[in-house]
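Heads up: the protein sequence lines correspond to chains A, B and C, in order. Counting in my numbering, the first sequence runs from 3 upward without gaps. Counting in my numbering, the second sequence runs from 11 upward without gaps. Counting in my numbering, the third sequence runs from 1299 upward without gaps.
The set of hints was computed from the structure by calculation and includes no laboratory data. Mixed in with the good hints there might be a few duds.
Derived, one-sided and incomplete: chain C residues facing chain A with beta-carbon distance under 10 Å [as the list claims (entries may be wrong)]: (1) S1390; (2) D1489; (3) I1560; (4) S1700; (5) T1704; (6) G1712.
Some chain C residues well away from chain B (every beta-carbon gap over 10 Å; in silico) [stated by the list, open to error]: (7) A1345; (8) N1346; (9) E1351; (10) A1375; (11) K1383; (12) A1429; (13) A1430; (14) A1469; (15) D1524; (16) K1548; (17) E1609; (18) E1635; (19) S1663; (20) N1677; (21) T1717.
Think of the CB as a built atom: it goes at the ideal place given N, C-alpha and C, for glycine as much as any other residue.
The primary structure of each chain is shown beneath.
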Amino acid sequence: MHWLSKKRYKIGLMLPTLIVYSVFIILPIIIAIYYSFTRYSGIGKARFAGLSNYARLLKDDVFWVSLKNTLIIFVLVFVLLMVLSFLLALLLNSKIKGTGFSKALIFSPAIIAPIIVGIIWVYILDPNVGIINNILDALNLGALKHKWIGGDVLSPYSISIIYLWQQLGYLTTIFVAGLKMIPEDVLEAVKIDGASSVQTVRFVIIPMMKTTISSTAILVITGVFKIFEIVQQTTGGGPNHLSETLVTYSYATTFTSSDYGYGMSLATITFLLSLIITGVYSFLTREKEGE
Amino acid sequence: MVNKKKKTVSYIIMILVTLIVVFPLIWMLLLSFKSNAEILANPLSLPKSFNLDNYKNAFHTLNYVQLYANTFFVCVVSIIIELAITYFSSFVLSRMYFKNKKLRSLLYGFLILGLSVSPFILLFPVYKINVALHLREQLALIFPYVATSISFNTLLLTGYLKALPAEIDEAAIIDGCSLWDLMFRIILPMAKPVIATIVIFNVLYIWNEYPFASVMLRDVSDYTLSMGASFFKGTYTVDYGGIVASSVMIIIPELIFYGIFQKNIVEGMTAGAVKG
Amino acid sequence: MKRKRGVRWISACVITTMTAGMLSGCGNKATTNKDGETVITFGIHVANPEEQEPVTNSIVEAFNEKYDGKYEVEFEAADTESHSKNMKLEASDGTLPEIFWLDSAEAPEYADSGVLLDLADYLSENKDIDAALNGMGDAFNNGDIQYGLPYQCNVQGFFYNKDLFDAAEVAYPTNETTYNQFLDMIQKLKDSGVTPIAIGSKNSGYTMWPFNEFMERYGWSENIDDILSGDMKFNNPDMVSCFEKLEGLKDAQAFPENMATIEYFDAKQQFDDGRAAMFGTGQWDCSEFDENIGDKIGFWWGPVFEDSSYEQNVAMKVPSAPIVVNADVGNDDTMKEAVYTFLNFYYSEDAAEISYAGSIFPATSYSDVSASDTQYAMNAMLTAMSEDWKSPEAAPDQTLSSAVQTELYNGIFGVLQGTYTPEQALDKMDDAMSYDK
Chain A
3 MHWLSKKRYK IGLMLPTLIV YSVFIILPII IAIYYSFTRY SGIGKARFAG LSNYARLLKD
63 DVFWVSLKNT LIIFVLVFVL LMVLSFLLAL LLNSKIKGTG FSKALIFSPA IIAPIIVGII
123 WVYILDPNVG IINNILDALN LGALKHKWIG GDVLSPYSIS IIYLWQQLGY LTTIFVAGLK
183 MIPEDVLEAV KIDGASSVQT VRFVIIPMMK TTISSTAILV ITGVFKIFEI VQQTTGGGPN
243 HLSETLVTYS YATTFTSSDY GYGMSLATIT FLLSLIITGV YSFLTREKEG E
Chain B
11 MVNKKKKTVS YIIMILVTLI VVFPLIWMLL LSFKSNAEIL ANPLSLPKSF NLDNYKNAFH
71 TLNYVQLYAN TFFVCVVSII IELAITYFSS FVLSRMYFKN KKLRSLLYGF LILGLSVSPF
131 ILLFPVYKIN VALHLREQLA LIFPYVATSI SFNTLLLTGY LKALPAEIDE AAIIDGCSLW
191 DLMFRIILPM AKPVIATIVI FNVLYIWNEY PFASVMLRDV SDYTLSMGAS FFKGTYTVDY
251 GGIVASSVMI IIPELIFYGI FQKNIVEGMT AGAVKG
Chain C
1299 MKRKRGVRWI SACVITTMTA GMLSGCGNKA TTNKDGETVI TFGIHVANPE EQEPVTNSIV
1359 EAFNEKYDGK YEVEFEAADT ESHSKNMKLE ASDGTLPEIF WLDSAEAPEY ADSGVLLDLA
1419 DYLSENKDID AALNGMGDAF NNGDIQYGLP YQCNVQGFFY NKDLFDAAEV AYPTNETTYN
1479 QFLDMIQKLK DSGVTPIAIG SKNSGYTMWP FNEFMERYGW SENIDDILSG DMKFNNPDMV
1539 SCFEKLEGLK DAQAFPENMA TIEYFDAKQQ FDDGRAAMFG TGQWDCSEFD ENIGDKIGFW
1599 WGPVFEDSSY EQNVAMKVPS APIVVNADVG NDDTMKEAVY TFLNFYYSED AAEISYAGSI
1659 FPATSYSDVS ASDTQYAMNA MLTAMSEDWK SPEAAPDQTL SSAVQTELYN GIFGVLQGTY
1719 TPEQALDKMD DAMSYDK
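One chain only, chain A, in its complex shape:
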């Protein structure tokens, strides 16, 4: 391979990707960051405004609310999604009948447009017309009724559940694929040695799936910071921005209030935050691999 790896081949083969990527991903990010230092209504010329958008951000209650919601969703989704999909993968990888069928069905929400996912869930969670509260009513459990969406508190949790629903099958599929990579004979050997199921998972399966787990984790982290349609469809960020996430708030400021400068500063922060969390995660897991 060494002698085929001439510089000009490498450059020639890398170039198309690098060009498209730089022009349509990196350049736009730079443009967006540039606008985050301006006041701009979308029409006419942008005026340079220094750090004022960022100063405003620190004083903006809604920014902190949306940051808090985003972090709630992040923690909840990360923990639940990783654990549940891993457990589900263990279950679906076991030798019982019907797993293939079940796997196919569980994956199906992942193929649906997120905007439609939002529409479906409104009818499940809405405090008045939603299925959940109506079932609770029918069971005489009215006391358990809550404003699952649209209240002051629960919306980010509900949004996490919806996202969990949508992504569960996707991650389970990845984990199932990872489990399939573990050689049968290793598991057999462990079994003969008398390890319990929990021990097998803890000391054999998890260590052997480290890379799967970390690439899955990165997909989850970056995915959470892109949740948009679900919030938009279920609560629209309301009431009064209480269920806003960073992405939806940035969208609302940019396109609804036509405050492009401020909207772009929110978008920049969101992007940086996601980048930092991904970076920290990769750093931590890389250290462990080096053992």
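Here the structure of chain A is known, so what remains is to put chains B and C in place on it, guided by the hints.
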């Protein structure tokens, strides 16, 4: 005894989870047979009859042949371009020799960075770039789609290609293979599963994509499927029946497509993301 | 040799796609179609004009028929949000349609950036149209240019269902009904088991129409210039008492429990179905009410406020958003003539008749045009308007920039749902103002 009990519990959990996951979908299908007033007034009731009005209405309002054709076209062209270019770059990153190992991880990290980018930060700048490059109509969509797929494709492709034994290359080179032969005759066939996975995910992504489509397309004759639902919501009126029916129209081909290629997803995942 | 083929193939690929991109961008926007008609593009804020703006669609069809072979108006249609995005983006690259609908809050910025045609000449050349508009266009004159003309005329207030009032044994509201009587009314309606006022807040901040009258009755038009110039704050005693009245409605539980998760459309359906007794909206919903509620519909401007020192006899008959003309049209005489011909038709008596038939008030006021007997909702509005009260130049929410307008909507719904106190809501508007400068 214990084992049997365990099996039963496993079954129950599996069936329960599957039902919970599938229920909302079935329920949406039921909604699509209800009239708009029925949906608004009594969303929980079952449809009174097997009423196809929403679909008739959707077909009357939208030119589905054109919508499917446009979406299909954008899908195919974007995927061919992105596969070609990311296969090349991933081949370099995963199988070629870098004297400077740091450069390799730097390039890889740079390309993976895009995973963190929400499409909404890109909309406005990309529009301006499209204008500056005179990219219009479908092309205005194809390049952003190609670009946004680069990170995901790189993640999967390099992961997969890296895992193929290096001896393959050496053997091929000794046999007098050119780089071109190596890439296309030898490695490419071996990468089929991961390419299938990439195709599947990108088809689904492009099929569902709304933010870019709504900003970049101006002419109704260029619209893609995901724009369909916007036809049923005006400033003062909404037709939920139409929205649900047009959503089902988007999903059906996806379900068929998924049904056919379902096996490839697991296979490709096994190889791609898993090995990372 | 073979090795080079690969690299060459790649570059060929890239070059082909790039050139294809360049070429396809070179086509100029055609202004005449294959029949030799001058094509006027009309950017409209709904995706499906035939269903969602039927009156405008009919006017355009009538125009195309009348000027067959000469002019053709074609819609560039997208839903409101996309339309607003598209117009901004098109303004930045000079591809705006000849005529387009704009949100009132955004139009002044377009005017300032010089992309809109000054229509003052048009009005002075066409005195009859100027007269028919009867000052409706004043809201779209920034003192410098006449940047737009009213798309339609909006009449806003509360519609009510007489059957539900009868069932609750409540008298219908009148022009003299005070705010306290309004609260009593709400209580009795609630006791009878219906939702007193249907309203939804999800993605529907703009549906605060009935409260425009509240703000006007607390002196909005008189004070807004001082507020916008910074001499006065939104958080002033008048606006605080106004917003306290909104808070009073919340305390009286006038609204649906799930107002946060329902949209305007769901709220309207509650009123259509007879589950809610009142619904605040405008004339655009008339035909829907004729269909669902028929002659049991009533229209009311809203309560009068005894603690306000401002004029209470005001109607909310205001211009809706403006339609504007692309400045480039001024440089092309053929196109200019085409556009002016269209405007003449749009504001003609013929068009006004089409408008009335579709239960929409046109921006023009021709005395011979009226609604038919079965247009119950529209007739209810005409009855309310027969007092000939004065109306503000523009609806209060239409006098603000987008950022402050968003905060107003947010503030009103915040108070209605109890997430903000009146002062908090008004402070937020003041904050938005300060960032807007």
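Structure versus earlier hints - violations, ascending order: 2, 7, 8, 9, 10, 11
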